[in-house]
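Given the sequences, and given the hints that come with them, work out the whole structure.
Residue numbers (this note's numbering), protein chains in the order written: chain A, 1 to 291; chain B, 1 to 129.
Don't take each hint at face value.
[What the hints assert, rightly or not] Under the rule of at most 16 Å between Cα atoms (straight-line distance), these lysine to aspartate or glutamate pairs were calculated in the EDC-like manner:
(1) B:Lys36 <-> B:Asp74
(2) A:Lys145 <-> A:Glu191
(3) A:Lys225 <-> A:Glu191
(4) A:Lys225 <-> B:Glu92
(5) A:Lys75 <-> A:Asp65
(6) B:Lys98 <-> A:Asp65
No lab work stands behind these hints, which were simulated from the structure alone.
Here are the chains, one letter per residue:
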Amino acid sequence: MAEPARSRLSDFVSRHERGILGDWMKHQSEALGRRRDLISDQELERQSATFLAGVQRALSSGGPDTSGDAWRDVKQYLAELSVARGRQGFTPAETATFVFSLKRPLFTRLRDELSGDGQALADELWRATTLLDGLGLHTVEVYQKGREEMISRQQEELLELSTPVVRLWENVLALPLIGTLDSARTQVVMESLLQQIVDTGAAVAIIDITGVPTVDTLVAQHLLKTVAAARLMGADCIISGIRPQIAQTIVHLGVDLGDVVTKSSLADALKIALARTGYAVTRLTAPEAEG
Amino acid sequence: MDRIPILRMGPFLLVSIQVDMHDRLALALQDDLMNKIRATSARGVLIDISALDLVDSFIGRMIGNIAAMAHILDAETVVTGMRPAVAITLVELGLSLKGVRTALDVERGMALLRGSPAGREDGSGRPEK
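Set out below in C-alpha cells:
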C-alpha cells in the first residue's frame with residue numbers, strides 16, 4: 001500500500017511541476033506583500049524552481065520521509081536560503097512561508113486529481129502536509145541557529161571593543177567602563193588596565209563607571225580586585241562616575257569600598273589625578289562677567 | 001646556598017629579586033634583611049620584584065611579613081615593579097598586601113622612600129596598618 005502511494009506523490013509532483021510552480025509563485029507574491037522590495041521576481045522564481053525540482057528528486061528517490069538521506073540536498077539548499085533571507089531582512093515567519101505557501105497550489109491540484117477518491121485524497125494530503133511541515137520547521141531552525149551564531153559573535157566583538165584604556169594625561173590613565181560587568185569581562189578589563197599601567201608607567205588610573213547600569217556585590221567585588229591589583233603594582237586607582245542610585249545601592253548592599261578614592265564625576269577624578277602627579281590647571285583669562 | 005644580595009644606598013636598603021623565589025631562599029632573605037636593617041639602622045627597604053613572574057601564597061605572605069617586621073624595626077618597605085600577572089595572582093589569593101607601599105619602578109620607589117615617613121605631599125600616602 002505504501003509503495004504505490006509514495007510513487008504517486010512523486011509522479012504527481014513531476015507531472016504538475018510547471019503548473020504548481022506557476023501557482024506557487026503567484027501565492028508567494030501575494031504572501032510577500034510589502035516585502036517585495038527585498039527580493040526580485042527572478043530571484044524568487046529561481047529559488048522556487050530549484051526547491052521544487054529538489055523536492056521532486058528527493059520524493060522519487062527517497063519517499064516523503066524527510067529524515068532520509070535523499071533529502072539532504074534539499075535541506076542543504078533550504079539552509080542556505082534561510083541564512084540568505086535572514087541577512088536580507090526577512091523575519092523567521094516570512095522565511096518559513098516560502099515553504100508553507102507551497103501547500104495551497106499542491107493541495108488544490110491534488111484535490112482536482114483525486115476528487116473521486118476521498119480516501120486517497122486524505123492520505124496524500126496528510127503525506128504532503130507532514131513533508132512540508134518538516135521542511136518548513138527545518139527552515140526556521142536554521143534561521144534561528146544563524147541568528148544565535150550572529151549574537152554570540154557580536155558578544156565576542158563587544159567584549160574586545162568595550163575595554164579601551166585611554167591616556168588622559170602624562171601618568172594618568174582612564175578606563176571608561178560601559179555595560180554590565182561580569183567575571184569574564186572584568187578579567188579582560190583588569191588585564192588590559194594593568195598592562196597599560198606597565199606600558200605607560202602611569203601613576204594614577206581612573207575607573208569611570210558612568211556607563212555601568214547596575215552595581216551588585218559581584219561587580220563591586222570585581223572593581224575592588226582591580227583596584228587592589230593596580231595598587232600592588234604601584235598605581236593609585238580612583239573610581240569615578242558613581243551615580244546617586246549606585247551610591248545608594250552600594251551602601252544598601254553593605255559593600256565596603258575601603259580606602260578606595262571615589263568621585264562622582266570624571267572631571268573631579270582628573271583634578272585629583274593631576275594634583276597627585278604634580279600638575280595644576282589654571283585659567284589664563286578671567287571668566288567673562290555674567291550677563 | 002644562593003643568597004639574594006642586599007645593597008645599601010644611603011639610609012635605605014635595596015633588594016632586587018632576579019631569580020625564582022623558592023621558600024628557603026625567601027626565608028634566608030627575611031633573616032638577612034632583618035639583620036641588615038638592624039646593623040645599618042636603615043630607614044627604608046626597597047624590594048624590586050620586576051623580574052619575578054611567578055608567586056605563590058607563601059612568597060606573597062612573605063613579602064607582607066617582611067614589611068611588617070621592617071616596620072617594627074622602624075623601616076618603611078616599598079615593593080616596586082610588580083608585574084600584572086603577579087598582581088592579579090596575589091589579589092585572587094586574597095593577599096592585597098595592606099600596609100606595604102608600592103611603586104611602579106625603582107626610581108619612584110626611591111622617591112617614595114625619600115618622602116617618607118610623611119608620605120607624599122598631597123596626602124595620598126598609603127594607609128599604614
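Numbered hints the structure breaks, given as an ascending list: 2, 6
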